[in-house]
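The primary structure of each chain is shown beneath.
2 protein chains.
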Amino acid sequence: MSLDAVLARLDADLPHAISRLQELLRIPSISTDPAYKGDCDAAADWLVADLQSIGIDASKRQTPGHPMVVGHTGDSGKHLMFYGHYDVQPVDPLDLWDNDPFDPQIEDTPKGKVLRGRGTSDDKGQLMTFVEACRAWKAVHGTLPGRLSFFFEGEEESGSPSLVPFMRDNADELRSDVALICDTGLFADRVPTIVTMLRGLLGEEVTITGPNKDLHSGMYGGAAINPIRVLSKIIAGLHDDQGRITVPGFYDGVPELPTDVAAGWEALNFDHSAFLGDVGLSQPAGEANRSALEMLWSRPTCEVNGISGGYEGDGFKTVLPSKASAKISFRLVGTQDPLAIRESFRAYVTSMLPPDCSVEFTDHGASPAGQMEIGDPAFEAARGALTEEWGVEAAYVGCGGSIPIAGYFKDILGVDAMLIGFGKDDDQLHSPNEKYDVESFHKGMRSWARILNALAEEN
Amino acid sequence: MSLDAVLARLDADLPHAISRLQELLRIPSISTDPAYKGDCDAAADWLVADLQSIGIDASKRQTPGHPMVVGHTGDSGKHLMFYGHYDVQPVDPLDLWDNDPFDPQIEDTPKGKVLRGRGTSDDKGQLMTFVEACRAWKAVHGTLPGRLSFFFEGEEESGSPSLVPFMRDNADELRSDVALICDTGLFADRVPTIVTMLRGLLGEEVTITGPNKDLHSGMYGGAAINPIRVLSKIIAGLHDDQGRITVPGFYDGVPELPTDVAAGWEALNFDHSAFLGDVGLSQPAGEANRSALEMLWSRPTCEVNGISGGYEGDGFKTVLPSKASAKISFRLVGTQDPLAIRESFRAYVTSMLPPDCSVEFTDHGASPAGQMEIGDPAFEAARGALTEEWGVEAAYVGCGGSIPIAGYFKDILGVDAMLIGFGKDDDQLHSPNEKYDVESFHKGMRSWARILNALAEEN
Numbered sequence: 001m002s003l004d005a006v007l008a009r010l011d012a013d014l015p016h017a018i019s020r021l022q023e024l025l026r027i028p029s030i031s032t033d034p035a036y037k038g039d040c041d042a043a044a045d046w047l048v049a050d051l052q053s054i055g056i057d058a059s060k061r062q063t064p065g066h067p068m069v070v071g072h073t074g075d076s077g078k079h080l081m082f083y084g085h086y087d088v089q090p091v092d093p094l095d096l097w098d099n100d101p102f103d104p105q106i107e108d109t110p111k112g113k114v115l116r117g118r119g120t121s122d123d124k125g126q127l128m129t130f131v132e133a134c135r136a137w138k139a140v141h142g143t144l145p146g147r148l149s150f151f152f153e154g155e156e157e158s159g160s161p162s163l164v165p166f167m168r169d170n171a172d173e174l175r176s177d178v179a180l181i182c183d184t185g186l187f188a189d190r191v192p193t194i195v196t197m198l199r200g201l202l203g204e205e206v207t208i209t210g211p212n213k214d215l216h217s218g219m220y221g222g223a224a225i226n227p228i229r230v231l232s233k234i235i236a237g238l239h240d241d242q243g244r245i246t247v248p249g250f251y252d253g254v255p256e257l258p259t260d261v262a263a264g265w266e267a268l269n270f271d272h273s274a275f276l277g278d279v280g281l282s283q284p285a286g287e288a289n290r291s292a293l294e295m296l297w298s299r300p301t302c303e304v305n306g307i308s309g310g311y312e313g314d315g316f317k318t319v320l321p322s323k324a325s326a327k328i329s330f331r332l333v334g335t336q337d338p339l340a341i342r343e344s345f346r347a348y349v350t351s352m353l354p355p356d357c358s359v360e361f362t363d364h365g366a367s368p369a370g371q372m373e374i375g376d377p378a379f380e381a382a383r384g385a386l387t388e389e390w391g392v393e394a395a396y397v398g399c400g401g402s403i404p405i406a407g408y409f410k411d412i413l414g415v416d417a418m419l420i421g422f423g424k425d426d427d428q429l430h431s432p433n434e435k436y437d438v439e440s441f442h443k444g445m446r447s448w449a450r451i452l453n454a455l456a457e458e459n
Numbered sequence: 001m002s003l004d005a006v007l008a009r010l011d012a013d014l015p016h017a018i019s020r021l022q023e024l025l026r027i028p029s030i031s032t033d034p035a036y037k038g039d040c041d042a043a044a045d046w047l048v049a050d051l052q053s054i055g056i057d058a059s060k061r062q063t064p065g066h067p068m069v070v071g072h073t074g075d076s077g078k079h080l081m082f083y084g085h086y087d088v089q090p091v092d093p094l095d096l097w098d099n100d101p102f103d104p105q106i107e108d109t110p111k112g113k114v115l116r117g118r119g120t121s122d123d124k125g126q127l128m129t130f131v132e133a134c135r136a137w138k139a140v141h142g143t144l145p146g147r148l149s150f151f152f153e154g155e156e157e158s159g160s161p162s163l164v165p166f167m168r169d170n171a172d173e174l175r176s177d178v179a180l181i182c183d184t185g186l187f188a189d190r191v192p193t194i195v196t197m198l199r200g201l202l203g204e205e206v207t208i209t210g211p212n213k214d215l216h217s218g219m220y221g222g223a224a225i226n227p228i229r230v231l232s233k234i235i236a237g238l239h240d241d242q243g244r245i246t247v248p249g250f251y252d253g254v255p256e257l258p259t260d261v262a263a264g265w266e267a268l269n270f271d272h273s274a275f276l277g278d279v280g281l282s283q284p285a286g287e288a289n290r291s292a293l294e295m296l297w298s299r300p301t302c303e304v305n306g307i308s309g310g311y312e313g314d315g316f317k318t319v320l321p322s323k324a325s326a327k328i329s330f331r332l333v334g335t336q337d338p339l340a341i342r343e344s345f346r347a348y349v350t351s352m353l354p355p356d357c358s359v360e361f362t363d364h365g366a367s368p369a370g371q372m373e374i375g376d377p378a379f380e381a382a383r384g385a386l387t388e389e390w391g392v393e394a395a396y397v398g399c400g401g402s403i404p405i406a407g408y409f410k411d412i413l414g415v416d417a418m419l420i421g422f423g424k425d426d427d428q429l430h431s432p433n434e435k436y437d438v439e440s441f442h443k444g445m446r447s448w449a450r451i452l453n454a455l456a457e458e459n
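Quick note, the sequences are listed as chains A and B, same order. The first sequence begins at 1 in UniProt numbering and counts up by one. The second sequence begins at 1 in UniProt numbering and counts up by one.
This is chain A alone, in the form it adopts within the complex (with noise of 0.2 angstroms):
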């Protein structure tokens, strides 16, 4: 069977594999930072090289940022996209690191073997799963299953801001069947997992100005209106006692778990006593009779992701501030309507202002939830492949954050994609001492092989 064969050269070449792998991770491609911006170009070349050594048709295309690397092959059967970014985030502090952040090596662990480095597990380890997945095909197989086209950024760290308009002029270049995405990782460090649902986001500051000055609390306080006062009951009133948010029409569009994904999510048998306790918390401290996995994945939320006003200082000064404001941000389900909410929570706001006092809102971004339609049957041809390698069944899951291009493949292209990835969840992202496990990046591998081959005979 040819599968057994490609999975039997992964297996075989895997030193070789970690070799490119290394190459690869000693350029510091991080795109934040002016200085490194010949280095993004050269993590660029690099893909461009290796995907034509595969007999990918590949080239670099410039941006007005860092270039983006397509490449195309085959020109028949289901047309499936590969994302990820070959750039990295900043690595200081760099005395937190035990080694060069930009020299990999691998190291023993008490959990097994890891490649520790900036990149290892943020992407550039998980990119490089399916181009060795590809690269072990074409040695068997002389050809690539179907059709594949490859899109590699180098600016996912640092916003993306050449992504959006990038693929909106390259639309027909880029449109597919399928996008393939590695930026996830495993649940509970052991199931594989296809991600398909994706909170938005919502992100707003408030700003709420009483006196035109600070005053001293002495002289005015009782008299004149305390901004910071203002703005906790703004905060407090988002909330009622269940837990639920208050901005009027909300819940439009939050739509109940289908029963058969509720089945899957009661299936993993989440341990959110473990998840909590982690971060020393014992209980679920959202909506009422709601599951935790609920709250993290298919119900909106609303924090405060920073408050600030008046004297912060050491010790005391009794100020009576002229501004407070607060960093608020939504995290979005279903077919909720981020505008309308803005809308609606800007409202709220300016309702609760007491005379004498004005309030600003700073725009920080709206993206609706993703949800992928996994009525497609490639999403039930990848999840059996995934199962078949890992030996655990498969799930489709949630994910509370925001993974933006999920939604741009949906929203610019009409694209679903499939976010399928091999992180676990002590790889360090975007901290000192980054690591990948070799099992990750070597069953990552095999996982995409297998879900290649399943890809391939649903054609």
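It should be emphasised that the hints constitute simulated quantities derived from the structure, not laboratory data. Just so we're clear, the structure is a prediction, and the values are computed from it rather than from any experiment. Check each hint, because a few of them may be wrong.
One copy or any two copies: either way a pair holds, since identical chains are not told apart in the list.
As the list claims (entries may be wrong) - Here are the simulated DMTMM-like cross-link-like pairs (lysine to aspartate or glutamate), alpha carbons at most 25 angstroms apart as the crow flies:
#: 1; residue 1: K443; residue 2: E23
#: 2; residue 1: K323; residue 2: D92
#: 3; residue 1: K233; residue 2: E360
#: 4; residue 1: K317; residue 2: E343
Given the coordinates of chain A, assemble chain B onto it according to the supplied hints.
Okay, now just chain B, sitting in the frame of chain A:
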């Protein structure tokens, strides 16, 4: 009439009085900055010499901090103790000063002549009004009236760490019939006042901890408790919808205003629209059905002086913070017990904590309100003298702030204080371009001459 002779002497000697004050102002006695320790010492020496030059038995008294200056004269009659402070606030930001803060000059302004420089109003200029009154009295009479003591400290602007121990250690020497304190201002820049009510102050810092570290709001939002939300709810609950403070027992010991005092305040025709209008407000925001002056002088308050938590920088970060904290102060009146209120406040906060949250309190001081015994005929005598000098009925007023020295005289020595001062609202205390009106200085010293005369006649 000998009072007229003293007043005439003060008028004639005004240029020299200004020169003397300028000499004292040129000594940069910034008490909070160790670099100026020698200057604080020099200011104390200057005062000792000046008091000695008018026949007062004055000496510099060492403390662990900056020295006190104590002087005495006379041995019979009513014993008056005059208090002032010779230290000043720092001058930064220096570039906001139009002139060298320690080279004070007379300036003509649309509102009259002013002496501009650090300490002109707070408190060297005010302190010297009393010394100059004594100097003129001595020049005319050859002696000073009754029994007089002088008590100048050099740490008022840096928390007075040596004051209470010094007063305790020297209580017998410092005890007097009444204390005179010149560190306050005119009402509406024209009505002389005697402050008879001072609000107390209780300062508390509250830090709420939820998760044991900052979390990603995508990963944990919904399930993890957010300490900013908890803190906001606590703050929002501190006042009811009538503006009253909800801490149990808070209003114990809050008296209604005596009708004669209320009538006196009414007669001041306080222009709260102008007072609030200057800072961009239009309406008194305190308890329902209380006048603005009541809110400022005779009603207790609860203010949030600072709040902080989560991400406060530019842009947005979807953090779910571990901690949130607020600095909260209570202005106290009547016989409210600061320690009982602290205990009740802490119990209230603790009762508002949801599961998985903890609270830490930091004590930032507790002092009760001060209330002078205006039944003492000295108060009416002084009020009459002030009325004579300024041609406006002098008023007993409250003070929204806290002037700890008045409380110390009462608590440690059992002495009531008369707080009389001649500052104006635009004196820029603690700020760049501090000034003192020459009229304040001149009529201030004349006021003290009249008060000395009135109190001497009372003997």
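Hints, one by one, checked against the model:
Taking the closest pair of Cα atoms, K443 and E23 come within 25 angstroms of each other only inside a single copy of the chain (20 angstroms); across copies the shortest separation is 84 angstroms, beyond that limit. Only between protomers do K323 and D92 lie at most 25 angstroms apart by alpha-carbon distance; the minimum there is 23 angstroms, versus 32 angstroms within a single protomer. Taking the shortest alpha-carbon separations for K233 and E360, both the intra-copy value of 16 angstroms and the inter-copy value of 22 angstroms come in at or below 25 angstroms. Taking the shortest Cα distances, K317 and E343 sit within 25 angstroms of each other only across copies (21 angstroms), while inside one copy they are farther apart (36 angstroms).
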